[in-house]
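Protein chains in written order, with our numbering: chain A, 3 to 139; chain B, 3 to 139; chain C, 3 to 139.
Since no wrong hints were added, every one of them can be taken at face value.
Which copy? The list can't say, so a pair holds if one copy fits it or any two copies do.
Listed next, the in silico DSSO-like pairs over lysine-lysine satisfying Cα-Cα at most 27 Å (straight line):
#, residue 1, residue 2
1, Lys111, Lys9
2, Lys85, Lys9
3, Lys96, Lys110
In case anyone wonders, no lab produced these hints; they're calculated from the structure. Remember, it's a predicted structure, so these values are computed and weren't measured experimentally.
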Amino acid sequence: MAQDQGKLSFIMFSGTADKFIPLGVVSQAASAMGMQVNVFVTGFALRGFTKQAQALPFPAEFASMAPAVAQGMERAHVASWDKMLRDAKELGAKIYACSMMSSVMGLKKQDFNDLVDDVVGAATFLEQAEGGQTLFI
Amino acid sequence: MAQDQGKLSFIMFSGTADKFIPLGVVSQAASAMGMQVNVFVTGFALRGFTKQAQALPFPAEFASMAPAVAQGMERAHVASWDKMLRDAKELGAKIYACSMMSSVMGLKKQDFNDLVDDVVGAATFLEQAEGGQTLFI
Amino acid sequence: MAQDQGKLSFIMFSGTADKFIPLGVVSQAASAMGMQVNVFVTGFALRGFTKQAQALPFPAEFASMAPAVAQGMERAHVASWDKMLRDAKELGAKIYACSMMSSVMGLKKQDFNDLVDDVVGAATFLEQAEGGQTLFI
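Using the sequences and the hints, build the whole thing.
Following this line, the structure appears as structure tokens:
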């Protein structure tokens, strides 16, 4: 696999609960395929990575579907998004929190859980993402 | 056109009505330019591709603008998103439904309309998308 | 830096206030790194680029956090998104308004402020974006 085809990066910005599912699924699938996966967590999505658990809201337009989706996830035996991210990390994926938005939201490195490898700036992330594909979620 | 520059893939996740417009416009434009277009439909966006039509909600923040946008689309003679996707398909675009989220939402292959070419997993899609650009909508 | 690694494009579609922050931060950081940055503004995001200022709504799910985010931005001395975009433009970034959606929303070239370099179609933008990475925001 050529280096410039084997890298997938994510800018994880959205903080609604639904968006964490594709983050988990795609990062796990890409890691299992041997791709180098980097996740840059910023904006409201930072709330999904703190030690003190914070409720992630369902998107306003689909709030009435939340119970059906939760039941469907269980029925289809889909792992939780953080379990999928942990699997991706065991295969080499790296997760970084955005230093600027952490500061804006009053979050320090010790406030994040063990999913987060480091707190870095946007320039550092862009360097790592260079030459691959990047998804903005 | 080099192969690694001529491929555009979409992970179509969002299920609000507005996001289907850029899916249609960009997939049609890219197909017309000779790019290889792949669309991976997942999450709430699957509701836009079922035989039994489901109402796609407008984003909560812009609900009051829905009539103006609809009138503007008509006035500017913009085709509907599914018409644009059909044009893209005639030019070679492929549309796949995500097997995992289909299962979560209780949708089977026969529940999808003829826009959907197949139901596949995330890994299959990532292989197809490799070496090009991918947009997460 | 190889040409195909040095280009970052944005399709800026979302019109909620929060999404303009990553547009500003990432376009500024990429421009400062010497990357060629192109922004294609479409959909509700066009409302952020008009001469007559229009209020950009906060996402419905996080509306209660708007004051805390505004205070955090000030406390962390984060520049406004349009200041960051102006910095990016001074480093060479280009910003284009989507001709089709401008027409749908009744906006003409003279309605946009000086951040916008030109009004172009999706095909023109895709040509410019080719060979780099593109983020859909």
